[in-house]
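Asker: Heads up: the protein sequence lines correspond to chains A and B, in order. Residue numbers for the first sequence follow this note's numbering, beginning at 1 and rising by one. Residue numbers for the second sequence follow this note's numbering, beginning at 1 and rising by one.
By construction, these hints were calculated from the structure, which means they are not laboratory data. Treat the hints with caution; some may be incorrect.
DEER-style ranges, computed between Cβ atoms [unchecked claim]:
1. B/Asn370 / A/Glu411: 28 to 38 Å
2. A/Ala43 / B/Gly93: 25 to 35 Å
3. B/Arg31 / A/Phe381: 26 to 36 Å
4. A/Pro67 / B/Gly401: 42 to 52 Å
5. A/Gly93 / B/Asp382: 48 to 58 Å
6. A/Thr126 / B/Arg31: 27 to 37 Å
7. B/Tyr220 / A/Thr244: 53 to 63 Å
8. A/Ala43 / B/Asn370: 22 to 32 Å
9. A/Ala423 / B/Pro41: 16 to 26 Å
10. A/Glu37 / B/Arg353: 28 to 38 Å
11. B/Ala423 / A/Glu37: 15 to 25 Å
12. A/Ser15 / B/Arg404: 32 to 42 Å
13. B/Arg248 / A/Pro67: 31 to 41 Å
What the simulated footprint calls covered on chain B by chain A, stretch by stretch (three residues with Cβ under 8 Å from a Cβ of chain A suffice, anywhere in the stretch; the number is not a length) [said to hold, decoys possible]:
14. 36 to 44
15. 75 to 82
16. 119 to 129
The beta carbon of each residue, even a glycine, is placed where N, CA and C say it ideally should be.
There are 2 protein chains.
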Amino acid sequence: MKRSYIICGVTGEDSKKSLQEEALRLHERWRGKLSIESKVPVANVYDLSIAYTPGVAEPCRHIARDPSLVDVYTGRWNTVAIVTDGSAVLGLGNIGARAALPVMEGKSALFKAFGAVDAFPVCIDTQDPGEIVRTVTLLEPSFGGINLEDIAAPACFEVESRLIEDCDIPVFHDDQHGTAVVVLAAALSACRVTGRSLDELKIVINGAGAAGIAIARMFYHVGAREIILCDTSGIVGAHRDDLTPVKREVAGWTNPAGRRGDLAEAMRGTNMFVGVSVKDAVSREMVASMDEGAVVFAMANPDPEIMPADALAAGAAVVATGRSDFPNQVNNVLGFPGIFRGALDVRARVINREMKVAAARALTDLVGGNVSPDYIIPRPFDPAVPAAVSAAVADAAVSSGVAREPRGPEEVAARTRAMLGLAG
Amino acid sequence: MKRSYIICGVTGEDSKKSLQEEALRLHERWRGKLSIESKVPVANVYDLSIAYTPGVAEPCRHIARDPSLVDVYTGRWNTVAIVTDGSAVLGLGNIGARAALPVMEGKSALFKAFGAVDAFPVCIDTQDPGEIVRTVTLLEPSFGGINLEDIAAPACFEVESRLIEDCDIPVFHDDQHGTAVVVLAAALSACRVTGRSLDELKIVINGAGAAGIAIARMFYHVGAREIILCDTSGIVGAHRDDLTPVKREVAGWTNPAGRRGDLAEAMRGTNMFVGVSVKDAVSREMVASMDEGAVVFAMANPDPEIMPADALAAGAAVVATGRSDFPNQVNNVLGFPGIFRGALDVRARVINREMKVAAARALTDLVGGNVSPDYIIPRPFDPAVPAAVSAAVADAAVSSGVAREPRGPEEVAARTRAMLGLAG
Numbered sequence: 001m002k003r004s005y006i007i008c009g010v011t012g013e014d015s016k017k018s019l020q021e022e023a024l025r026l027h028e029r030w031r032g033k034l035s036i037e038s039k040v041p042v043a044n045v046y047d048l049s050i051a052y053t054p055g056v057a058e059p060c061r062h063i064a065r066d067p068s069l070v071d072v073y074t075g076r077w078n079t080v081a082i083v084t085d086g087s088a089v090l091g092l093g094n095i096g097a098r099a100a101l102p103v104m105e106g107k108s109a110l111f112k113a114f115g116a117v118d119a120f121p122v123c124i125d126t127q128d129p130g131e132i133v134r135t136v137t138l139l140e141p142s143f144g145g146i147n148l149e150d151i152a153a154p155a156c157f158e159v160e161s162r163l164i165e166d167c168d169i170p171v172f173h174d175d176q177h178g179t180a181v182v183v184l185a186a187a188l189s190a191c192r193v194t195g196r197s198l199d200e201l202k203i204v205i206n207g208a209g210a211a212g213i214a215i216a217r218m219f220y221h222v223g224a225r226e227i228i229l230c231d232t233s234g235i236v237g238a239h240r241d242d243l244t245p246v247k248r249e250v251a252g253w254t255n256p257a258g259r260r261g262d263l264a265e266a267m268r269g270t271n272m273f274v275g276v277s278v279k280d281a282v283s284r285e286m287v288a289s290m291d292e293g294a295v296v297f298a299m300a301n302p303d304p305e306i307m308p309a310d311a312l313a314a315g316a317a318v319v320a321t322g323r324s325d326f327p328n329q330v331n332n333v334l335g336f337p338g339i340f341r342g343a344l345d346v347r348a349r350v351i352n353r354e355m356k357v358a359a360a361r362a363l364t365d366l367v368g369g370n371v372s373p374d375y376i377i378p379r380p381f382d383p384a385v386p387a388a389v390s391a392a393v394a395d396a397a398v399s400s401g402v403a404r405e406p407r408g409p410e411e412v413a414a415r416t417r418a419m420l421g422l423a424g
Numbered sequence: 001m002k003r004s005y006i007i008c009g010v011t012g013e014d015s016k017k018s019l020q021e022e023a024l025r026l027h028e029r030w031r032g033k034l035s036i037e038s039k040v041p042v043a044n045v046y047d048l049s050i051a052y053t054p055g056v057a058e059p060c061r062h063i064a065r066d067p068s069l070v071d072v073y074t075g076r077w078n079t080v081a082i083v084t085d086g087s088a089v090l091g092l093g094n095i096g097a098r099a100a101l102p103v104m105e106g107k108s109a110l111f112k113a114f115g116a117v118d119a120f121p122v123c124i125d126t127q128d129p130g131e132i133v134r135t136v137t138l139l140e141p142s143f144g145g146i147n148l149e150d151i152a153a154p155a156c157f158e159v160e161s162r163l164i165e166d167c168d169i170p171v172f173h174d175d176q177h178g179t180a181v182v183v184l185a186a187a188l189s190a191c192r193v194t195g196r197s198l199d200e201l202k203i204v205i206n207g208a209g210a211a212g213i214a215i216a217r218m219f220y221h222v223g224a225r226e227i228i229l230c231d232t233s234g235i236v237g238a239h240r241d242d243l244t245p246v247k248r249e250v251a252g253w254t255n256p257a258g259r260r261g262d263l264a265e266a267m268r269g270t271n272m273f274v275g276v277s278v279k280d281a282v283s284r285e286m287v288a289s290m291d292e293g294a295v296v297f298a299m300a301n302p303d304p305e306i307m308p309a310d311a312l313a314a315g316a317a318v319v320a321t322g323r324s325d326f327p328n329q330v331n332n333v334l335g336f337p338g339i340f341r342g343a344l345d346v347r348a349r350v351i352n353r354e355m356k357v358a359a360a361r362a363l364t365d366l367v368g369g370n371v372s373p374d375y376i377i378p379r380p381f382d383p384a385v386p387a388a389v390s391a392a393v394a395d396a397a398v399s400s401g402v403a404r405e406p407r408g409p410e411e412v413a414a415r416t417r418a419m420l421g422l423a424g
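In isolation and in its complexed conformation, chain A is listed as follows (with noise of 0.2 Å):
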């Protein structure tokens, strides 16, 4: 009874009580949503002699010799650090790295079950980027890649540009770039249902965050040049004297009319407005003053900067949220599990910017020629998506000069559906 009540939807207060304190009871039975299995036989001493001493001696001699080979003897390269400091945890702020501990274990579990990637909370007891960066540049030798997660900004860009540096796998803020790329996907569908193409748009991104500004930064990356950033203080310009570093680099190429003012005065005849900020940030009539055709994705969670059904009363065209209960979820599952698998099944130094881009294509063109309002983005099950985004990520990284261990896009798909147990 109570499962199908908040399936329907987490609407109410009540349903949103009763399904905290099943989490909660849950997680206490759980105690610890994760196991760490062994693959291999250890059952007989033959076995023993095998998986470790004696026998482990000769790939430890081997890698001794080629430390590349680390990736060929281990399960190192099918291995992500899921890194946090506990800065910036979901909607509840700065809690802390052990308080970040079950929602890394949840990454975790999604990892393997849609993406076949061994995944292990790690959790740092500092906030400091330099201590964070040294953490985990002298985990390397564990793991074949790093999915920084929660991190608040600005430290987030410091710490993901030195790990870049430092790290010879890929280092991967899911809050920036996993969101980014599902922002983008849902974007360019939504150009096809409103007639428009993306360079073409007028867009305002609210929240100059992590998420904020990798949004933004990929929207410039594909061809955007109208993009007003807003944060708290309203457009970010260079007419503000309040700007972090970060923020103002990004001033230096959004805003191009150079417009001052609040978030209304931002969106004021503009074509899509994409929200990564609080519960109601936007009204009604804040909807009403874009351009025709408008394009909301309100994104705040759990409760979005406005509701679908305001912002389509509103004159909005096409509406995305980041909740399971309406249409057109924008959820990073659809990203990071695919782009991590494709990314190591080549071995790739890094993910980059074209690997991103192909991501995002590659969710776009399943959705394909079914796209409608209701329709911009698959969904988070659907067991497509977990190999066309592998595959396409893959191909980018072999043609893009970073892949290790190059592997043809449909070998990478192939390998993904079997790794996940789904028919080919």
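Using the hints provided, position chain B relative to the given structure of chain A.
Answerer: Structure of chain B alone, referenced to chain A:
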């Protein structure tokens, strides 16, 4: 064919070679011995809303208010870091953190198979003790215990003691204490065979690395007073001016007669030889020079200090090795899984001496009345071992006041058997 050949004993160069080749081939096929699995369902929107957002926010909030609840709502309480810097791996020496990973994966498999512990390999890319300590300390939010592995002496002593000071979870260097526990168990049984008591024994330990020093300390702790430690330069004593600080400390309470000389000199007239050194370090003549009813633990791997047949021919009453193809295998797998199982089950703050001695006595008690020169220690696959050790360790943790979640030994034994899927 090959398999049964190897089970019979890895004695010739041919069989050693074939085992190594098979281990290499299988490691390449496995490409990793571990899998990180979700224990909870993530098959639909409802599952995700409990294990991930939005439901997961509720346990996060509780942990943010009271960080100790991380051990109630996550798997941290049962998760152990297997930490190495790759400086002293098996008999291979300083092969580095990457080359150590196959061993750490195998160790994790043993932790699960014999202790139902989720253990993750943390291979650290530095051999600076301060950096190792800082890295591990920063990872404490993810782990309920730390197993140090294959870190060379003397750095291992500094790393261990500083981590014990800095961390509020058990820190255990298996090469030291795991070995010392199993050796003590074997020694207690050997005393029953020879009719002596441990505190009257004259003991020579050859090898003054992590294991040798820990064994010396353990024997001293349980009452032995005539202990001589030897390193490659002979007897460790106050007369030596080449000692590390740790060996100097040990020299203060060993070698009470102030003897000088080499290993042969040290062994004359003693009751027990404990070798954690190298192949062929001991001759028949050296064993023959020991007192009547001599006990010889020749544990160099893979080839012992003296072969059992030679030691017995020279008059030894009891012989043990590290090898699975002879009686009396002194194998750490008898210790660390049950020791951590017991410590984790009562959420012990540390693994103290009382717990280590309790583990040793539990192993000796399992041998009990069946003790004989050929059976002084349980076999590694004896299914009674994990629960017996965990119960004794948990009980000692409770008695010594370090258990955060006290449970009786019967409950711990039953939980251990249940977690391992063994009949009660």
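Asker: Are the hints correct? Go through all of them and say.
Answerer: Evaluation of the provided hints:
no. : hint                            : in the structure
1   : B/Asn370 / A/Glu411: 28 to 38 Å : violated (57 Å)
2   : A/Ala43 / B/Gly93: 25 to 35 Å   : holds (30 Å)
3   : B/Arg31 / A/Phe381: 26 to 36 Å  : holds (28 Å)
4   : A/Pro67 / B/Gly401: 42 to 52 Å  : holds (45 Å)
5   : A/Gly93 / B/Asp382: 48 to 58 Å  : holds (51 Å)
6   : A/Thr126 / B/Arg31: 27 to 37 Å  : holds (33 Å)
7   : B/Tyr220 / A/Thr244: 53 to 63 Å : holds (59 Å)
8   : A/Ala43 / B/Asn370: 22 to 32 Å  : holds (24 Å)
9   : A/Ala423 / B/Pro41: 16 to 26 Å  : holds (21 Å)
10  : A/Glu37 / B/Arg353: 28 to 38 Å  : holds (33 Å)
11  : B/Ala423 / A/Glu37: 15 to 25 Å  : holds (21 Å)
12  : A/Ser15 / B/Arg404: 32 to 42 Å  : holds (36 Å)
13  : B/Arg248 / A/Pro67: 31 to 41 Å  : holds (36 Å)
14  : 36 to 44                        : holds (count 8)
15  : 75 to 82                        : holds (count 5)
16  : 119 to 129                      : holds (count 8)
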